[in-house]
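For the record, the sequence lines run as chains F and Z. My numbering runs 951 ahead of the 1-based position in the first sequence. My numbering runs 951 ahead of the 1-based position in the second sequence.
Do not take every clue at face value.
One copy or any two copies: either way a pair holds, since identical chains are not told apart in the list.
Unchecked claim - Simulated pairs of lysine-lysine, BS3-like, Cα-Cα distance not exceeding 30 Å: (1) K1057 with K955; (2) K955 with K1045; (3) K1045 with K1030; (4) K1057 with K1030; (5) K1030 with K1010.
Everything labelled a hint here was simulated from the structure, so no lab data went into it.
Chain by chain, the residues run as shown.
Protein chains: 2
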Amino acid sequence: MAIKTPHVTVDGVIEIYNEGIFQGIVLIERENLPYGHALPGGFVDIGESVEDALKREMKEEVQLDVEIVELLGVYSNPKRDPRFHTVSVVYICKADQNPIAADDAKAAAVISLNDLQDMDLVFDHNEIISDYLINRIYKS
Amino acid sequence: MAIKTPHVTVDGVIEIYNEGIFQGIVLIERENLPYGHALPGGFVDIGESVEDALKREMKEEVQLDVEIVELLGVYSNPKRDPRFHTVSVVYICKADQNPIAADDAKAAAVISLNDLQDMDLVFDHNEIISDYLINRIYKS
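Working from the sequences, and respecting the hints, build out all of it.
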């Protein structure tokens, strides 16, 4: 029985804190197609949990050791990725250093919540950011 | 580039209500390996969202039209499934009829929360039930 399911990915909404003060969240500029700005993320490997995949990808792409805060959601619209069907598990996480672009990221920056609302992101990352902002309002 | 990731599955914690009164949640007895009691669930198809996969699987296995209440969690321990690595997206959902076993389910029943705590389930479904019971306590 050959079972085929969508690919599993992880993405991180990384909150950056400087001496306990919230600065913004990390966006990258993608080195590979589709080009554009995005949350850092990548594919989950067989044999690793999604939480471990998240920590590995955040380290590889933006050189951050993140702490997971909570699961934000699971995004699986078949059209969310122009390449093929991916299911992304998205976590809110936090770090207290600045990101450094590496691996698939050409650039990385900390974006304030005000500036975030004007960004045009690839995939369905604008929808994820919208859900994140609603989540923050509920918690504040 | 051949990307390999774990298989994606969905499982449902289906709350059954009778005239608005909570009765318990649905468990099935599996027709296929691994044998035992489990939450109803199955594989996500390429081209369908996980929410649509959940509704399809609940209809196929226990003949219920479910309404999704909320995302409970994502379970991805590489050892959770003895066959191969699966990442399960688990939703709390509800229905107001009784389950009827079909497809991969040999039997289906509504189990009260009291009885649920004594059940020995396959995969990591005892862990999922434990998380579900904690979630219910927080909401009540």
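Q: Could you tell me which of the numbered hints above are not met by this structure, giving the numbers in increasing order?
A: As far as the earlier hints go, not one is violated by this structure.
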